Amino acid sequence: MTRIELTVNGTKHVQEVEDRVLLADFLRDQLGLTGTHVGCDTSQCGCCTVHFNGRAIKSCTLLAVQANGADIVTIEGMSKNGELHPVQQAFTDCHALQCGFCTPGMIMAISAMLKDNPNPSDDEIYHGLDGNLCRCTGYINIVKAVKRSAEVMQTHK
Amino acid sequence: MFEFNYIKANSLNDALKSVTEHPEAKLLAGGMTLIPTLKQRLAQPSHLIDIGGLQELTGIAVTGGELVVGAAAKHFDVATSAIVTQAIPALAALADKIGDPQVRNRGTLGGSVANNDPAADYPAAVLALDAVIVTNRREIKAADYFQGMFATALEDGEIILRLRFAIPRRAAYEKFAHPASGYAMAGVFVADMKDGVRVAVTGAASGVFRWTEAEQALAQKMSGEALDGLVVDLTNMNEDIHATREYRANLAKVMAKRAVQKLVSSTQH
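In the order they appear, the protein sequences are chains D and P.
Just so we're on the same page, the working numbering is the position in the first sequence counted from 1, plus 15.
Just so we're on the same page, the working numbering is the position in the second sequence counted from 1, plus 174.
Since the hints were made in silico from the structure, they are not lab data.
All figures in this text were calculated on a predicted structure; none of them were measured in a lab.
Any given hint might turn out to be false.
Derived DEER-like restraints, expressed as beta-carbon distance ranges [as the list claims (entries may be wrong)]: (1) D/Glu166 x P/Arg215: 45 to 51 Å; (2) P/Ala217 x D/Lys162: 40 to 46 Å; (3) D/Lys162 x P/Pro197: 31 to 37 Å; (4) D/Ser94 x P/Thr259: 35 to 41 Å; (5) D/Pro133 x P/Gln390: 18 to 24 Å; (6) P/Gln390 x D/Glu166: 49 to 55 Å.
No residue lacks a Cβ here, since even glycine has one placed at the ideal position from N, Cα and C.
Modelling step: build the complete structure from the supplied sequences, incorporating the hints.
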């Protein structure tokens, strides 16, 4: 067991974790943040995507102990003061989810992508979502939602 | 995953001490290959020694006419570094094609080179650019370093600190990525170096290799047509559910031609 200190969605946590526990399982089982989904557990699907010091990573492929000292943001930390994050709102507006299982990972990947590239082209969106799979294959509306949120975020800067 | 103990190394000396103390330990950097391997119970290290955050393994600079990249540089760092983009744009472009964004945010140059996956992208650049792998013990030339599938010249307890890349006049990398994994079914790095042309192929065979016939043909004429009459040797080609060895050999040639076309259209240094 190792004692780790990390910030999750702005709240500091000090916890004892088994060395082999994955960050995804730590978030879900120890902190109860079940919005982070585990779809494949083989680093393919991106459902477990969270922000690690501001960058998108797959939390099923990182040990919780590696996140010691890190600043983590999960899907639960995206809305502020009861208002959805622009990417979340765009997913609702553009009907960018069907079953919704991939949605938290998509939103975390997209919000990180838009930080690097606030106005991505279609090709840049496909490249930026390489690490996220939607098995309902609703990609058309997901791409629409990326563009919608990019517009909104640029207007409200 | 089997049980192990995690050790965060705070310095290179710290890491080397832990490696000596725990002969059954494995080094962890980005973990993009190691953690999936552990999950599948394909490895059972006693300890994981985390060297991902070591200061001694960071830094990107052009020194003495070479590009020096720290082993802990993440693919994202290499892809977006102004220094890399200026010195060897093809290397930055290669890094931007590894895996996916989440993997590029964690995976490291040193980790990829130490692992030497036969379908990894970096080995093609390392071999084509005549890079030197600098470890805590010595300097290893790329030609001596890669020793076939997942095999390298690294000894137990040896840690890659950085790589030194010769800066080519022009270079380009093209790969046919497996649509699901993003790994190279065939990837070809062509470098127009001051002392000749070097062509390295990854993904197609049991390990990265230089395609010397193509190098000779391109030295005569740097054009995709120069490769028309050539055939990639089938001896060490991989064959699996994704492609036959003949298909992979042809794919390597097609990627080589595309890389040459890209190189020719790039600006000369």
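Hint check results:
1. Here the CB-CB span from D/Glu166 to P/Arg215 is close to 47 Å, well matched to the stated 45 to 51 Å.
2. A hinted range of 40 to 46 Å for the beta carbons of P/Ala217 and D/Lys162 is consistent with their spacing of about 43 Å.
3. Between D/Lys162 and P/Pro197 the Cβ separation comes to about 54 Å, which falls outside the hinted range of 31 to 37 Å.
4. As the Cβ distance of D/Ser94 to P/Thr259 is approximately 37 Å, the hint placing it in 35 to 41 Å holds.
5. For the hinted restraint 18 to 24 Å between D/Pro133 and P/Gln390, the CB-CB distance of approximately 47 Å leaves it violated.
6. Checking the proposed 49 to 55 Å range against P/Gln390 and D/Glu166 shows it holds: the Cβ atoms sit about 53 Å from each other.
Checked against the numbered hints above, the structure breaks hints 3 and 5 and satisfies the rest.
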